[in-house]
Structures are given as structure tokens and as C-alpha cells.
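Novice: The chain contents come next:
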Amino acid sequence: MASLFSTSADSVVTDSLESLADESHWNGDTAVEAASAPIRAGAARAAPLENDADVPLDVHDLTVAYHRKPVIWDVGFRTPPGALVGVVGPNGAGKSTLLKAVMDLVPRASGRVRVFGKPYRRQRRRVGYVPQRESVDWDFPVDALDVVAMGLYGDIGWMRPVRRRHLALAQEALDRVGIGELARRQISQLSGGQQQRTFLARALVQDADLYLMDEPFAAVDAATERAIVELLHEMRANGKTALVVHHDLQTVADYFDYVLLLNMRVVAFGPTAEVFTSENLHRTYGGRLTLLDEATEAMRRREQAL
Amino acid sequence: MTLADASCSTVLAYAAGFAESLVCAAGSAFLAYAAPIDALWRLATLQDYNTRVVLLGATLLGVAAGAVGSLTLLRRRSLMGDALSHATLPGIALAFMVGISLGGSGKSLPLLLLGASVTGLLGVAAILAIHNLTRIKEDAALGIVLSVFFGLGIVLLTMVQQMESGHAAGLKSFIYGKTAAMLVGDAWLIGAAAAATLLGLAALFKEFKLLCFDEAYAGARGMPTLALDVILMALVVVITIVGLQAVGLILMIALLVIPAAAARFWTERMTRMTVIAAALGGLAGAVGSAISAVAPDAPSGPMIVLVATVCFVVSMVFGTARGVAWRALRRRRLSRRIDRRHLLRGLYELGEASAPRRATSQAERPWPAATRRRLLRLRSWAPRRLGAVIRRVAREGLCTTDEDRVTLTERGYKAAARLVHEHRLWELYLITHADIAPGAVDRDADAIEHVLEREMIEELERLLRQRQAVEGIAASPHPVAT
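Protein sequences appear in the order of chains A and B.
Take 1 as the starting number for the first sequence in my numbering and just add one per residue.
Take 1001 as the starting number for the second sequence in my numbering and just add one per residue.
Simulated from the structure, these hints should not be mistaken for lab results.
Glycine included, C-beta positions come from ideal geometry on N, C-alpha and C.
Wrong hints could be hidden among the right ones.
Reference excerpt, derived from the structure (chain A facing chain B, CB under 8 Å, subset only) [to be verified]:
| # | residue |
| --- | --- |
| 1 | Arg121 |
| 2 | Met150 |
| 3 | Met159 |
| 4 | Pro161 |
| 5 | Ala183 |
| 6 | Gln186 |
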């Protein structure tokens, strides 16, 4: 935490924020303990090291700041293997940022991430990423098969061409998500649901063990939603783990075994049945954090004025 | 700044650059028309060794610029190339001064290009620095750097021309481009640079494709996105620097943007787009510099831009993937298909209404028929349009006509029955699932059903079978207007 603010000239602000941070940390831990989840945030400290390689994702004390405004604070959790984990929280809670920070796409202010016991950069092949659909330009001159084949670029290697067997693998992945016949269609000609399935296929073709999905259910048709859920269940049956950012509270209990309630910090994490309670939801979406939010906002404004 | 704002300002900036190119190009086009016939002949037969070399150099430059340009276009970095080329001017002038002060003539090409590279890169660095260190957006940073560096360059150039020992006249050819000033060695330099660029591009094409399409995913998969961006920028730098002589620094951006933008009209595949852009760039380079070679007063840069612009306009109109003409043709086809559906459905429904109730099998009924006047009342068709639809449908063998009467054939009846079925299914769906009043449903269904795909119709049937048995042809959910 201190490293984030070490360059701040204003020690008063630093102190007050650090005490705020401590408080939030304390809040986060008690929240988890109150939920009596078997997997505890921050449990990494006490956990024996030898079975770390079995833990798909171990996040400890993760803090990320954009332009000095903290987006997520002190996030810590350990996903059990073979679990479907829903990441739930209000807009701006830092859900996408959490995924990006896990994959080193945004600089962390502090914290540690372990994927199957090792840093992410050594486990890239075992992690499949499904970005938000809106994050790319769908007018780009490629077809669905091309996009799925991008999931294999890491395996194909630098400066080597995509070969027929790679395209066959990509076609297989498209078949699995049910749009095999659209392989040669330009991606702007696909419906929203079909585009989302293309992204899923791109992650599937990697045959990863941990999947990080950013809002795969956003603005898709009912058939695609069913297909994604089936896919998730199939993954779980094969012992894969998925961390899925989700926005539809109605379906959380149906789709996910575990829930991570996030609002800048971890409000609660654990099995859905225990953690996904109206009280926890209220704490996630309610006004408890406005003070913290205002403080960081004030801090950011002050930094800008300097 | 929102995404919409960003793209809007990018478009505006493109448009401004484009206009600038056109004005420069048109101005010098007048100089070219008086080409002597024998010069044309010498050019066409490539008698001059020098002309051949110059043409080859310009063509290679166009090929490489087109290919690199298609990548920067897709990466939305095209204007970076513009800023870079404008920022080379102070470097050229400074290099000339250094050359003079070292006792030379100042016109040593390697030295000039080195100077150009240094300030060009400084310009790019300045853009990145302004963008990253302040809250100024990239387009504004581009504008600032481009104009400041170019202005500085002009000032330095003026100073150079006032120096006693300088014969600075040749320096102007860097601004507008002049292939006549190109030497054989320069053409070799361009050729080597183009070959190196194309090689690098081919080797890293897959990586660039992913970078341009989905940077975050590329980063997640461990690709060094920053390094790739730097390599792409380096390719642009190489092409820009060697292209200064042929095209000139003001219009270099045209060779990077126009062929790529034109190629996009022809294809939906990135590989093909890059190849087409390279071909168009090569064509522009060859023809443009040929014109300039015939009329030595005409700077080659504007000529190349004019040729490229012709390519662009032709592509915009006739491009097979996104060209305006093809789109119009496709729209006409769709509207014809819709007219055909309406005619078949209208005939079917008129026949349905007039057929005796007790006739249960088709064998007992006559094929549906109607007079033209009757059909005219059905839709707001102009008589000519109706006549055209009837002719087309008759040519398909779906109906027959005599004088005034239009009669469905057996094949036409079957086709019409299927269309009516689909239409009514969709109506039913709208009524039961979308709560649209039966009276209004006909028009809504009309608007949608023409874009229905086979799989959606199956889904519709599946959905509606659960609610009520739909066998054969669905009954109309509302009184059929006859």
C-alpha cells in the first residue's frame, strides 16, 4: 500500500489514506470471516505451500490504481479447483480491472498473484481470457475462424504461419460453441451472441485450465446464454476453473458455485449458498463505501491540481 | 473523450490531410500537361536507364508504403506517420547546415536522411511524451507536434537559403518530392528499404494482426505489445525517410493512408487487404513518378497522390466488398426480392379468399389468380413497378400472364404457400410473444421477415408448435386485406 503513495508530496493525505486502507482491509477480512467461507481471503498467508500448484488462482493483497486513483484495494481470495466463480459488483467496482491485473495487463500498486502456484507470466498457456465484447472493433477485416486461430498464436510461435491443423483446431472450437458453419463469415456480419461465442471459442481453443471471462453474458440472446452455461458446466466437469464477471444478479445462484462480491475491495467470497445473501449484496451495492470513494476521489483531484 | 468523439476527430483529421494533399496535387497537375511527345515515347519504352531506375524505386516505395499503411490504418496510427514525416524537415535543414560547416556541399544524402530520422523520431517521442505526461489527447498532441516541427523546419530552411556557401535549392525537393532528383544509388536505397520492410511485415504479420485487432488479448497472451508497436513505427520511419525524395514530406502520408483505405473497399480479409494496398501503392508510385519524369517541372509527390486518389475513388465506387455501387446493387436485389415475395403472397391470399370454402383439396380449386388492377390496390406499387415484378416472376416460371390476368403456376403456388406460412408464423410470434395487436402485426412482420434466416424460421416453428398446432400453412391471425 505504501508504495503507491510513496511519491506523494502531501504526507497528511498519505497518512489519512493509509489509515483508510487499513480500515478497509480490516472490513474485508471480517466480511469474509462473517460469511464463514471455507476458502478465506488472505488465507494464503497461513496455507501450506506444497499444494499451491493446485490452486488455480491465488490473489493476495492486490491493489491497482489508475492515475493514482485506486480502483481495487487489497483484494485477496483463493479459488478452489474446478469451481465456477462469479465476480459480482456494481459498475466501477473494479471487476474488469481485477481480471486485467491478474494477467499483468495493468500495473499493480501492490500485491501478489499466483496461477497454479506460479506467477502469471509463466502460466500463460494455462489461462484463457475472454475480453469484453465491446473492447474490439468488430469491423476489422477478419473472419470468425481467424479470430479463433488467434488463441493459438502463442503455441504457433513467433514468425511462424498459421497452418491447416491450427485452423482445424479453431474450427473444432467453433463447432463446440455451436457456430461452426459461420467460420468464414466476416465478424461484423455476426450477431452479438455469435461474436461472444467467437471470443469463447478463441479461449477454448487454447485448452486452458483457468478461464477469465469478462461479462460473457452481456447483451447476448437466450440461445447463446444457454450455450455458454452448458459450456461452463462442461468445463467444470473436466476440472477446469472459470472466473466470470457477471452483471445479472438473478442468475448468479444458478450459474456459479462460488461468488466473489467486489466493490473496490472484497466484500465477501465463498460458496454461493453461503455468501450470496441479501445482506452481503446490500453491503456490495449499498452506500457503505461512499466515504472511501470520496476520499480517493478527493485525493485524485488534489494530485491533479498539483 | 468518448470513443465517438475520438473517431470523429480522427475522421476530421484524415479529411484535412486529404484536402491538403489534393490542393497540392491539383496545383502542380497544371504543370504536367505540356509533356513533349518524344519524352513520352522515351518513357513508355523505358529507354532511359535513369527513368527505369526511378520508376522501379517509386514502385517499390509505393508497394512497401501501401503494405505498411494498411497495418497503421488498422492500428489507427496513420496520422502518426504524417506527424513523423512533417517532423523530418528541421532535421534535413540542420543536417545540411552541419554538412556545410564540415566543409562539404551539405547535400550528402546519408547525412540528410540521418538528420531527417533524428528529428522525425524526436517528433514521435514528443507526441508520446505530451500524451502520457499531460492530459492532452493524442490528436491534439499530433497537431501541435506536426505544426511546430514543420514550422521550425521552414524557418531553418529559410536560414539555409540565406547562407553564402549553400546551394540549398535541392532541399525543396524534400518537401514536395522530385523523382528527377533521384539518383541510381537512391533508387537502390529505396529498393533495399522496401524489401527489408516487406520482409519484416511478412514475418510478423500474424503478430501485427492480433495487435491491431485486440491489444488486450495480445498482452494477455504474453505478446510484447509495446515492442510490436515500436517495430511498426520503425517500419513507418524507414518508409517515410526513404520516400522523402520521391514523394516529399508533406504528402508521404497519402501513400500510407490512401492505398490502404482504398483496399478496404475490395475485401474483408486482412491479408488480401494488405496485398491490394501494396498493389495500389505500387501503381500510384509507378504512374505518378512516370508523369513527373515526363514533365520535369511537376513534383512527383502530388502526381503520385493524384493517381492514388483516382484509385481510391474507383475503389470507393466499385469495390466488391464495400463499394458504393455494389451496395446499391445489393440493396436493389433485396428490394426486388421483397417485391417478388409480396406479389406471390398477394396472389396466394387473394386466391385463398375467393376459393369456395368446401373445396378441401387443391385439385378442386383453380390456381390463384388476380387482375393487375386488383394487385395494384393491394400494395402501393406504381404500375410500372408491378409490371416489372410480374415479368420477373413469370420469367422464373412461377406465374403466367395474359392481357390483364396474372395466374400462379403450380410451382408458384408452392413457393407462395411457403412464404405465406413464414409470414404468418412471424405474425403469430409477434402477437403471442411481443404483444403486438393483430391489426398492426402485418406491417411489423413485413419489415422483419425479409431478413429471416432458415434457422430462425425453424426456431419460430419450434416455438409456436408448443403453443398451438401449426400444420401445413398457418391460418392468418387477422382478417386478410383483399
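Novice: Look at each hint and say if it fits the structure.
Specialist: Comparing the hints with the structure gives:
1. Arg121: holds (7 Å)
2. Met150: Holds - the Cβ of methionine 150/A comes within 8 Å of chain B, reaching about 5 Å at its closest.
3. Met159: holds (5 Å)
4. Pro161: Cβ of proline 161/A sits 7 Å from chain B, so the hint holds.
5. Ala183: Hint on alanine 183/A: violated, closest Cβ of chain B at ~13 Å, above 8 Å.
6. Gln186: Result: holds, 4 Å to nearest chain B Cβ.
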